[in-house]
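Chain order of the listed sequences is A and B. Residue numbering for the first sequence follows the numbering used here, starting at 90 and increasing by one per position. Residue numbering for the second sequence follows the numbering used here, starting at 735 and increasing by one per position.
In short, the hints are calculated from the structure, not lab data. The reader is advised that the hints may include incorrect statements.
Now the in silico label distances, taken between C-beta atoms and shown as ranges [stated by the list, open to error]:
#, chain 1, residue 1, chain 2, residue 2, range
1, B, Gly833, A, Gln95, 42 to 50 angstroms
2, B, Ala1134, A, Arg169, 34 to 42 angstroms
3, A, Arg169, B, Asp1105, 33 to 41 angstroms
4, A, Ser96, B, Gly833, 50 to 58 angstroms
Heads up, simulated DSS-like pairs for lysine-lysine below, C-alpha to C-alpha not over 27 angstroms straight-line [as the list claims (entries may be wrong)]:
#, chain 1, residue 1, chain 2, residue 2
5, B, Lys811, A, Lys115
6, A, Lys112, A, Lys133
7, A, Lys133, B, Lys811
8, B, Lys938, B, Lys1084
Examples of chain A residues lying across from chain B (beta carbon under 7 angstroms, computed) [what the hints assert, rightly or not]:
#, residue
9, Asn107
10, Gln117
11, Leu136
12, Ser137
13, Phe151
By construction, the Cβ of each residue, glycine as well, lies at the ideal position given by its N, Cα and C atoms.
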Amino acid sequence: MFRSLQSDDHNLITLSVNGRSVKARKGQSVWSAMAVASEVVTRKAALSGNARSAYCAMGVCFECMVEIDGLANQQACLSRVAEGMNVSTQVITEDTEADAGL
Amino acid sequence: MQAFDCAIVGAGPAGMSAALALTQGGADVIVLDRADRAGGQIYRSASSSPLPDAASLGPDYAAGADLITRFERSGAKHLAGADAWHIGDDGRILFSYQGDTRELHCREMLLCPGAMERPMPIPGWTLPGVMTAGAAQVMLKSDAVVADGAVFAGSGPLLYLIVAQYLRLGVRVAALVDTTPRRHYLDAAPLLPRAWRQVGQLRKGLSLLREIRAAGVDTYRYAENLEVIGEETAKGLRFSISGQPHEVSADTVFLHHGVQPNLNMTRAMGLAHHWNNAQMCWQVTVDEFGQSAISHVSVAGDGAGIVGADGACAAGRVVAQNMLYHLGRVSRTGRDRNSHADLYYLSSMKPFRRFIDCLYRPTEALRLPRDTETLVCRCEEQSLGDLRAGFEQGARDPNALKSLTRCGMGPCQGRQCGHVVTGLLAQWRKESPDAVGYYRLRSPQRLLTVDELGRYNTIPAEAAK
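Model the full structure from these sequences, guided by the hints.
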C-alpha cells in the first residue's frame, strides 16, 4: 500500500483516475498520484491483456503508459498531475485494435 | 547555422560537473535534461525535496543540493524538461520541449545518459506491485511517496540504502531478502585490502547493514530461486535458502541487483560498445577523457560504465577539460594539469569498484530467466520459451531474434530485454557477449506524436549568451 509522507493540505489539486476523483499534490507525478489512490494498473499488456503497472518509475520501462486527457501512450511516471486532468488505464490490445476495425 | 560550443545531454552529477568546468573555462554551454529539476536520478529533487526531513536520506543526498545550486549559478543554459531523442554525429540534437520539437547544433557534445536498474526477469516480475528498488527511491525523493510493508529483494548497496532510508522515515519493511551468494564474499575477500584505501565508502556500506539489523527487519541471506507470488497482482515473494522454502507476504516487491548504463543514446549514435565482464553490462568505448571514436562526441558518468556519483562528478570535470582543449580554450598541457587530480581520483577508486563489482556481481540465476514461461520482453510479451524457439529457428543474434519474435521491438526499445537477450544468446551459442552483440537502435529514442513533430523550432546559440 502506497502512501504520502506529506501531511499538509497545501497545493492540492483534483484529477480523475479511471472515473474516480483523486487528490494529488501540485508537481506530483501522475504515477505516484495513481499509486497513492490505489489505482496501480496503468495499462493492459498488448497481447495477453494482463494488468501491468509501473516497474522502474524513471522512464525506461514504458510499463506505466496511460491515457491522459484522451492521448494514449503517456508515461505516467514522467507526467505531472494537473487540475482537472483525466487519467485512465490504457487498454490498447490486439483485441481492441481488431474491434476498432484497424 | 550558429552552434553552441557545447551541448550536454543529462543534468546528473556528470553533466552538472562538466557544465561547471566548461562555463568556468569560458565556453557557452546548453544542458538538456528530461526532468523538471537538475540532479539526475541520484540527486533527484535534492534541492527541492518534498520530504519533511530530507536529511533522513543521508549526507550524500544533501551534498547533491550544493552541486545543483552551483550548477544553477554557473551560467550554463539549462533546459529543464528537454527530452533528447536524436543525437547526430553532425552535432545536431533533436528534442522534445514543452510539447514541441526543437533542434540545436553544437561543436562539442557530451552525453550523460546515466544508469538504469538492471532488470530482474524472475517468475512474476511483470505483476503489478513488482518494482525496482530504484523506483522506490524515485517515488520517495520526487513525491515523498512510500510503500508500507514492502519486501526488498536482491543485492547491492542501493538496495540496503533504500531499506535504511525507509526505516529512518518510519516506514514498515516486511523483509530484506538478500541474494548475495556466500561464495561472493569469498571471491571478494582478496580484493578487500586494496579497496581499503576507500575506507570511508566501506564504512558507509557497513553502517547501512548495521542500521537494518538494529531495526530488527526480517533479513534472509543467501536467498535463491526467487519467485513473485500472485495471480493478478503481487502477493509476496517465494524463495529458498539452502534448499529450504520460504515465503514473505507483501503487496509490493522491490527488486534490485545493480545498475547498468543507459545504452539507447550511445547505441543509437552507432558508437562502439564493449562488454564489461566485471559489471556484466555493455558500455560505450571511450578513452580516459571520455572521448568516443567521434572526436567531438564524449560520454561521462554511469552512462559510460558504472562509477557512482562521486566518480561521475570527477569524470564530468575530466571530459570538460578535454572539450575545452578541443575548443582551443585550454592548451594540451593545461588540460592535463587541470584534470590530473580527478584522473588520479578515478584510478584510485578502481580497487574499491572492483571489490564492490565482485561482491555484488549479478548472479546468472537473476540475470537470465529460468522458467520457459517467464517474460523477457515485457512490451511484446516474449517469454524465454519464445526466444529459445526463435533461436532454434536460426535467429542467432539479437537483431535476427528481434525480427523473428518482435522481442525488443516495443516502446521501451530494448531497454528492459537487451542485456538479457545478449546473455541468453551468449549462453546458447557458447560465445562471448561481444561476439553476440546487441540490438541495432535508431532515433527517435522516445515516443513522439506526428502533431509534436509538426511543431519544429531551432534554438539559436545566441540564447546561451
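How the hints compare with the structure:
Separation of Gly833(B) from Gln95(A) is about 29 angstroms and departs from the stated range, judged on CB atoms against 42 to 50 angstroms. A C-beta distance of roughly 40 angstroms is found between Ala1134(B) and Arg169(A), which places it inside the suggested range of 34 to 42 angstroms. Taking the beta carbon of each, Arg169(A) and Asp1105(B) are about 38 angstroms apart, inside 33 to 41 angstroms as hinted. At about 34 angstroms, the CB distance of Ser96(A) to Gly833(B) disagrees with the hint of 50 to 58 angstroms.
Distance restraint check for Lys811(B) and Lys115(A): the Cα-Cα separation of roughly 25 angstroms lies within the 27 angstroms cut-off, and the hinted pair is therefore satisfied. The hinted pair formed by Lys112(A) and Lys133(A) meets the criterion: a straight-line CA distance of about 24 angstroms does not exceed 27 angstroms. Taking the CA atoms of Lys133(A) and Lys811(B), the gap is near 40 angstroms; set against the 27 angstroms cutoff, the hint is violated. With a C-alpha separation of about 17 angstroms, the suggested pairing of Lys938(B) with Lys1084(B) holds against the 27 angstroms cut-off.
This hint is violated: Asn107(A) has a C-beta 14 angstroms from the nearest C-beta of chain B, more than the 7 angstroms allowed. Hint on Gln117(A) holds. Least Cβ distance to chain B is approximately 5 angstroms, under the 7 angstroms limit. Satisfaction of the interface hint for Leu136(A) is found here, the shortest Cβ-Cβ separation to chain B being roughly 5 angstroms, below the 7 angstroms cut-off. Because the beta carbon of Ser137(A) sits about 6 angstroms from the nearest beta carbon in chain B, less than 7 angstroms, this interface hint is met.
Given hint, Phe151(A) at the interface with chain B, holds; its Cβ is 4 angstroms from that chain's nearest Cβ, closer than 7 angstroms.
Of the numbered hints listed earlier, those contradicted by the structure are 1, 4, 7 and 9.
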